[in-house]
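Asker: Chain by chain, the residues:
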Amino acid sequence: MESRLVRNSQQFYTSLMKVYPKEHAAEYGGAMVQVFTDQCREARQKRGFLGLSFLWLRTLGDLVKTTVQEHIQARNAKIGLPEVSPVPWKEALLVLIPGLVFLIYYAITIIWIETPFYYLYLGITWLIYLSTIPILWTWWRTKRYPVWGVIPAGLILFFIFQYLSGFQYRLKNFYLFHPGSWLLIPSIFLIVIVLLAWKYAQLWRVSRTVLLWSGICIFTSLLQVGWMVYYDLMRSSGNWYSLCRGTMLSGTLEPWAIVQDMMIFLLFIIITAFIARKYGKLSILFLLGYTLTKNIYGVFQGQGVYYSLTIAYRLLMTIVLPLWAVRATSERGRYQSIILPIVFAITAQVIFQSGLLAFGWFFEKMPMTSPTYPSLLTGYYIFEGISLMVGFVLAIHLCNAGQPSMADSINQAEVTPSTVKI
Amino acid sequence: MTDKFINTTDQPLTPAVFHILLALADGEKHGYAIMKDVEAQTSGQIKMGPGTLYGSIKRMLAASLIEEAEERPASELDDERRRYYRITAQGRSVVVTESKRLARAVKIAQEKKVLIIAEGSL
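Residue numbers (my numbering), protein chains in the order written: chain A, 1 to 422; chain B, 1 to 122.
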């Protein structure tokens with residue numbers, strides 16, 4: 001039979017659990033009370049009332065110290081500042097590889113713009129697919145998905161989506177679902193996005209911030225599409241039928257390919273949120289697997305001085321961003337590592353594109369309303385860059401917001417062991 | 001939410017974390033058993049309270065150094081509120097690395113005659 005002193009001590013200690021953050025108390029409160037009860041029994045057995053008194057003195061000191069610690073950590077976690085250890089340099093350098101590969105690719109395309117680079121792109125694609133082998137091997141050996149495999153995983157998924165997107169053109173050739181066959185793949189992507197978004201909303205609380213950034217992301221993506229519709233109509237002299245058929249006009253981007261791209265981007269964002277829930281916030285690099293293929297590029301009808309400048313600002317996305325993100329020592333640092341390079345890259349792009357505009361207007365006297373004038377494509381690339389930045393911000397908020405509700409955390413504390421499984 | 005990509009093998013461990021890993025090195029234990037084992041390892045010099053113990057356990061779970069064991073003694077033999085933990089492969093790697101680091105430090109201290117260990121004195 002339990003001594004009354006031990007019972008009272010247990011009850012009083014249980015009531016003291018309220019001083020801890022709610023999530024911590026829900027997760028570990030029961031176990032802490034159990035441990036304290038065991039200590040009380042032992043202290044009472046060995047030294048009686050005196051032993052119990054000394055135990056209380058030690059426990060109260062422990063309580064004060066750890067309560068402060070846990071509240072600070074809980075506060076930091078809420079504002080995105082949990083303890084973060086930087087990835088060791090060996091892994092960090094491996095994270096750079098996809099970015100370096102694409103940087104070299106872009107450098108070659110800029111310098112050798114007249115040279116067909118299709119086979120080079122194909123070679124890069126196969127290189128990315130082959131990277132699956134060391135990633136899977138490392139995963140199997142260490143039982144942990146390597147951080148340097150996150151960006152290649154995103155790249156592989158992008159190439160798979162691209163292949164699926166090309167499928168609709170094969171359908172069009174067979175005149176199935178003609179003339180709207182271009183709608184098929186974007187529609188499928190849209191359905192998947194809606195289903196994932198619904199699942200996300202069911203599992204986790206969707207904050208107003210997430211809703212706001214989702215709206216901004218969709219708006220900026222639609223701006224891209226709208227801009228290219230305008231560009232295409234100007235090129236085709238207002239030929240809406242041709243536009244609706246999804247016919248490719250020579251030398252232009254199909255606006256409907258942009259719709260597809262927009263769907264892929266939104267799908268990537270929400271997949272990143274789900275991955276981050278399981279594997280942690282470095283999963284944001286998965287999104288980089290998409291943006292590396294897009295990067296932030298502009299019109300190449302500039303002069304030689306722009307070639308080196310366009311490579312320079314891409315360094316921000318391909319090398320600075322991933323290296324900074326994995327070596328960050330705080331969540332705030334990680335947030336900055338993603339936002340700042342993108343902001344600088346966008347700013348650089350706006351400046352360069354403005355320079356091209358000025359060059360064309362002052363020196364080549366090209367009218368701004370001409371559809372061949374680079375201003376229209378310039379506008380598209382600016383919108384694309386802004387859309388990329390907004391997409392990253394949305395992804396960060398989705399990853400941060402992916403925390404279970406209080407009821408879920410209590411249920412998990414009682415029922416589900418926190419065994420690490422991949 | 002854990003960041004399961006992070007490797008923590010290059011950082012020195014705090015005494016609490018190191019001793020908890022040592023306690024779990026020879027098998028699964030629940031919280032009180034870990035606490036008693038640490039106290040025994042350190043001859044009573046480290047006496048963790050429940051707050052320190054589970055704060056450390058929380059961070060070690062987040063860093064995947066330990067994991068909660070799925071199996072536990074039957075409820076009639078043990079209190080259901082006991083949560084059992086075991087060391088992971090990564091945790092074992094970390095404690096081995098730290099042990100080697102400490103062993104090197106002890107060796108240097110002995111070479112410099114800072115630490116003189118008489119036979120049977122420890």
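Note that these hints are calculated values from the structure, not bench results.
Remember, it's a predicted structure, so these values are computed and weren't measured experimentally.
Don't take each hint at face value.
[As the list claims (entries may be wrong)] Below, a list of computed lysine-lysine pairs in the PhoX-like style, where the Cα atoms sit at most 25 Å apart: (1) Lys-65(A) with Lys-100(B); (2) Lys-58(B) with Lys-143(A); (3) Lys-46(A) with Lys-90(A); (4) Lys-22(A) with Lys-90(A); (5) Lys-100(B) with Lys-113(B); (6) Lys-58(B) with Lys-278(A); (7) Lys-22(A) with Lys-58(B); (8) Lys-294(A) with Lys-22(A); (9) Lys-58(B) with Lys-65(A); (10) Lys-113(B) with Lys-46(A); (11) Lys-46(A) with Lys-29(B); (12) Lys-113(B) with Lys-18(A); (13) Lys-18(A) with Lys-47(B); (14) Lys-18(A) with Lys-143(A); (15) Lys-143(A) with Lys-113(B); (16) Lys-58(B) with Lys-36(B); (17) Lys-47(B) with Lys-29(B); (18) Lys-113(B) with Lys-29(B); (19) Lys-278(A) with Lys-199(A); (20) Lys-100(B) with Lys-46(A); (21) Lys-278(A) with Lys-90(A); (22) Lys-90(A) with Lys-113(B); (23) Lys-143(A) with Lys-36(B); (24) Lys-113(B) with Lys-65(A).
Asker: A separate judgement is required for each hint: does it hold in the structure or not?
Answerer: Checked hints:
Simply put, Lys-65(A) and Lys-100(B) have alpha-carbon atoms about 31 Å apart, too far for the 25 Å limit, and the pair is violated. Taking the CA atoms of Lys-58(B) and Lys-143(A), the gap is about 20 Å. The hint holds against a cut of 25 Å. Between Lys-46(A) and Lys-90(A) the CA atoms are separated by roughly 52 Å; this puts the pair beyond 25 Å, and the hint is violated. A hinted pair counts as satisfied when its Cα atoms are at most 25 Å apart, and Lys-22(A) with Lys-90(A) does not qualify at roughly 38 Å.
Note on Lys-100(B) and Lys-113(B): the hinted pairing holds, with a Cα-Cα distance of about 20 Å set against a maximum of 25 Å. Annotation: proposed proximity of Lys-58(B) to Lys-278(A) holds, straight-line Cα distance about 17 Å (limit 25 Å). Using a Cα cut-off of 25 Å, the hinted pair Lys-22(A) and Lys-58(B) holds, with the two alpha carbons roughly 14 Å apart. For the suggested pair Lys-294(A) and Lys-22(A), the alpha carbons sit about 43 Å apart, so the restraint of at most 25 Å is broken.
Among the hinted pairs, Lys-58(B) with Lys-65(A) is consistent with the structure: their alpha-carbon atoms are about 16 Å apart, no more than 25 Å. Straight-line distance between C-alpha atoms of Lys-113(B) and Lys-46(A) comes to about 40 Å, which puts the hinted pair past the 25 Å bound. Restraint check for Lys-46(A) and Lys-29(B): the C-alpha separation of about 23 Å stays at or below 25 Å, so the hint holds. Between Lys-113(B) and Lys-18(A), the direct Cα distance comes to roughly 51 Å. Violation of the 25 Å bound is thereby established for this hinted pair.
A distance of roughly 23 Å separates the Cα atoms of Lys-18(A) and Lys-47(B); the hinted pair therefore holds under the 25 Å criterion. The straight-line distance between the Cα atoms of Lys-18(A) and Lys-143(A) is roughly 37 Å, outside the 25 Å bound, and the hint therefore fails. The suggested pairing of Lys-143(A) with Lys-113(B) is violated, with an alpha-carbon distance near 43 Å, which exceeds 25 Å. Restraint check: the Cα-Cα separation between Lys-58(B) and Lys-36(B) comes to about 18 Å, which is no more than 25 Å; the hinted pair holds.
The hinted pair formed by Lys-47(B) and Lys-29(B) meets the criterion: a straight-line CA distance of about 17 Å does not exceed 25 Å. Between the alpha carbons of Lys-113(B) and Lys-29(B) the distance comes to roughly 38 Å, so the proposed pair goes past 25 Å and is violated. The suggested pairing of Lys-278(A) with Lys-199(A) holds, with an alpha-carbon distance near 15 Å, which does not exceed 25 Å. Taken as a hint, the Lys-100(B) and Lys-46(A) pair is broken in the structure, with Cα atoms around 37 Å apart against an allowance of 25 Å.
For a cut-off of 25 Å, the pair hint linking Lys-278(A) to Lys-90(A) stands: about 24 Å separates their Cα positions. Under the criterion of a C-alpha separation no larger than 25 Å, the hint pairing Lys-90(A) with Lys-113(B) is inconsistent with the structure, at around 37 Å. Distance check on the hinted pair: Lys-143(A) and Lys-36(B) sit about 31 Å apart at the alpha-carbon level, beyond 25 Å; violated. Note on Lys-113(B) and Lys-65(A): the hinted pairing is violated, with a Cα-Cα distance of about 37 Å set against a maximum of 25 Å.
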